[in-house]
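Could you put together the complete structure from these sequences and hints?
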Amino acid sequence: MNILVGISQVPDTTTKIVIGADSKAIDSKGVKYIMNPYDEFALEEALRLKEKNGGTVTAVTVGGDTAKEVLRTALALQVDKAIFIKSDSADSFVIASNLAAVAQESKPDVILFGRQSIDYDSFQVAPMVAELLDMPSVTMTSKLEINGTSLTAERDIEGGKETVSASLPAVISAQKGLNEPRYPKLPDIMKAKSKPIEERATTSTAARTEIVGMELPAAKGKGKIFGDSDGDISELVKLLHEEAKVI
Amino acid sequence: MKILAYLETLDGALKKTAFETITAAQTLAKQSGGSVVGLVIGSADTAQAGVYGLADCLVAKHALLEKQSTSAFAETIAQAAKAENADVVILPASSTGKEIAPRLAVKLEAGLAPDTTAHEIVGGDLIATRPVYAGKARLKVKITTAKKVVTIRPNVFTAKKADAAATVANRDFAPNLSDNHVKATVTSVSRNIGKLDVSEADIIVSGGRGLKGPENFHLVESLAGTLGAAVGASRAVVDAGWRPHGEQVGQTGKTVSPTLYIAAGISGAIQHLAGMSSSKVIVAINKDKDAPIFQIADYGIVGDAFEVLPKLTEKVKSVVHR
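Protein chains in written order, with this note's numbering: chain A, 1 to 247; chain B, 1001 to 1322.
Hints are computed from structural coordinates only; laboratory data are not their basis. Quick caveat, the model's predicted, so the values are computed rather than measured. There's no promise every hint is true.
[Stated by the list, open to error] Below 16 Å or equal to it, Euclidean Cα-Cα: the simulated EDC-like pairs (lysine to aspartate or glutamate) are:
| hint | chain 1 | residue 1 | chain 2 | residue 2 |
| --- | --- | --- | --- | --- |
| 1 | B | K1002 | B | D1202 |
| 2 | B | K1315 | A | E242 |
| 3 | B | K1317 | A | E69 |
| 4 | B | K1311 | A | E235 |
| 5 | A | K224 | B | D1290 |
| 6 | B | K1107 | A | D230 |
| 7 | B | K1311 | A | E69 |
| 8 | B | K1315 | A | D232 |
| 9 | B | K1317 | A | D230 |
| 10 | B | K1315 | A | D230 |
| 11 | A | K245 | B | D1202 |
| 12 | A | K195 | A | E69 |
| 13 | A | K222 | B | D1202 |
[As the list claims (entries may be wrong)] The following label-pair restraints were derived from C-beta to C-beta distances:
| hint | chain 1 | residue 1 | chain 2 | residue 2 | range |
| --- | --- | --- | --- | --- | --- |
| 14 | B | G1241 | A | D12 | 22 to 28 Å |
| 15 | A | P184 | B | K1212 | 32 to 38 Å |
| 16 | B | A1146 | A | P184 | 43 to 49 Å |
| 17 | A | L168 | B | D1172 | 32 to 38 Å |
| 18 | B | D1045 | A | D12 | 46 to 52 Å |
| 19 | A | D134 | B | A1047 | 34 to 40 Å |
| 20 | A | A219 | B | K1212 | 31 to 37 Å |
| 21 | B | E1314 | A | E243 | 47 to 53 Å |
| 22 | B | D1172 | A | D134 | 25 to 31 Å |
| 23 | B | A1055 | A | G55 | 38 to 44 Å |
| 24 | A | I197 | B | D1045 | 52 to 58 Å |
| 25 | A | R182 | B | K1212 | 47 to 53 Å |
Just so you know, even glycine gets a beta-carbon here, dropped at the ideal spot from N, CA and C.
Take a look at the structure:
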């Protein structure tokens, strides 16, 4: 089985966001970068599919120079090949086109992504890649079974789950709960440092969106804070009912 | 701008997101000087859309659409957008809308602004605002293509009734579909009966480590039941296995913006705040007065959630008469 997994690098979830000088992106100074948490589930699923069915796992990243670090992690987790495409574009169509170009060449049976990257939170890349490649896609996948050339997946929907079936090749985006990702072992981390990463030029795709500005959400005024006496709790309920009018 | 509004249905009725989509579409039509046409897929009662001012609605029917395949839905919407010469297609950023919109954008060679919370027309350009970094920042993005696709975050565009209700004129729309348009198909759906989901709820009561153990979550459930609210949870208690991850609110869980969010025994780690800080009214209950959750709370009780919740539930009961 030929498996392609797209991974990206994002600021750690504990990052306090500071807007950069151009007001179009965050200030990356002092920010700790990690592998996108949802991509960990995609990568783990790729490794398990290979363990079960044989084949190869290729990890691909589209991003700035530091994003290569997540490919080192993937190599430490024993992916067979790592491809890096340098691009600072935040446009999902540009990113999806680059990923689809890799897939057109390597002809994977399964393409895995995280359900969203937790920086731009766009949820766009997986279905876009599927559309560009004329393949089925299942997003928010919390359970995946592959039998020969067909797949059955469970995906999270509002207030429940959907069971979906499709045939391979297919694009899958991973939700938390799909599996329990493994950690790389120290000797493998050391070995991964000298493994090759193939670098490719970006496609000439034109962006379809343009960032006009980025800002912090409006700061909130000081709230009304009470103690925990009976009178305090009564006052809170009264305010929620009469002032905020939310109950 | 001519705007096509994709209206989601469930069991033959329009969903709440459909009315929000109509409202967002009409606001945009008014700003840009244009009109709105609705689109439903399959049989549905569209009369209710008139209450929100929709007068013109396409009803797409085709045997292949019964397979509930998002790729066939995307093809149908693309064909409708072309037939109506729509400049903008608006969809809800629901679990289905998020699968359809990227495919639709590729088909229409359109730029896509996902999960938006506001739109403006500036010099003829559509500029959308959307939360990024789970709400820690807001991005303004311009769609630079002639055709545009926009998804809207549920619960943000409050559905507005029209001054005078319209009578909805339905027009049949027969898309040209083949088996190749049907890719992944839905074979079954299981719903958590009687359980509201945090992503759709108007009120959420969330619990954290301050509840001391999974056996005490009935206190959260009890208040949620009284308010008709959904139950949410912090990452700490989901990671500890106290609650299912479907309830997790935060950067690696669900991002929510209900009318009322009550955080009980949640200190307010930055990744949790990111997921709920756009809630309209936030109530925090925590025994640590310096907990970060109080910095974004509109109302707060400094006290042990374990003790405060039962009292709060009793007092809420007397107000909501349930």
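Results for each hint:
{"no.": "1", "hint": "B/K1002 x B/D1202", "in the structure": "violated (31 Å)"}
{"no.": "2", "hint": "B/K1315 x A/E242", "in the structure": "holds (14 Å)"}
{"no.": "3", "hint": "B/K1317 x A/E69", "in the structure": "violated (54 Å)"}
{"no.": "4", "hint": "B/K1311 x A/E235", "in the structure": "holds (12 Å)"}
{"no.": "5", "hint": "A/K224 x B/D1290", "in the structure": "holds (14 Å)"}
{"no.": "6", "hint": "B/K1107 x A/D230", "in the structure": "violated (60 Å)"}
{"no.": "7", "hint": "B/K1311 x A/E69", "in the structure": "violated (51 Å)"}
{"no.": "8", "hint": "B/K1315 x A/D232", "in the structure": "holds (11 Å)"}
{"no.": "9", "hint": "B/K1317 x A/D230", "in the structure": "holds (15 Å)"}
{"no.": "10", "hint": "B/K1315 x A/D230", "in the structure": "holds (9 Å)"}
{"no.": "11", "hint": "A/K245 x B/D1202", "in the structure": "holds (13 Å)"}
{"no.": "12", "hint": "A/K195 x A/E69", "in the structure": "holds (12 Å)"}
{"no.": "13", "hint": "A/K222 x B/D1202", "in the structure": "violated (23 Å)"}
{"no.": "14", "hint": "B/G1241 x A/D12: 22 to 28 Å", "in the structure": "holds (23 Å)"}
{"no.": "15", "hint": "A/P184 x B/K1212: 32 to 38 Å", "in the structure": "holds (35 Å)"}
{"no.": "16", "hint": "B/A1146 x A/P184: 43 to 49 Å", "in the structure": "holds (47 Å)"}
{"no.": "17", "hint": "A/L168 x B/D1172: 32 to 38 Å", "in the structure": "holds (36 Å)"}
{"no.": "18", "hint": "B/D1045 x A/D12: 46 to 52 Å", "in the structure": "holds (48 Å)"}
{"no.": "19", "hint": "A/D134 x B/A1047: 34 to 40 Å", "in the structure": "holds (38 Å)"}
{"no.": "20", "hint": "A/A219 x B/K1212: 31 to 37 Å", "in the structure": "holds (32 Å)"}
{"no.": "21", "hint": "B/E1314 x A/E243: 47 to 53 Å", "in the structure": "violated (20 Å)"}
{"no.": "22", "hint": "B/D1172 x A/D134: 25 to 31 Å", "in the structure": "holds (28 Å)"}
{"no.": "23", "hint": "B/A1055 x A/G55: 38 to 44 Å", "in the structure": "violated (55 Å)"}
{"no.": "24", "hint": "A/I197 x B/D1045: 52 to 58 Å", "in the structure": "holds (56 Å)"}
{"no.": "25", "hint": "A/R182 x B/K1212: 47 to 53 Å", "in the structure": "violated (32 Å)"}
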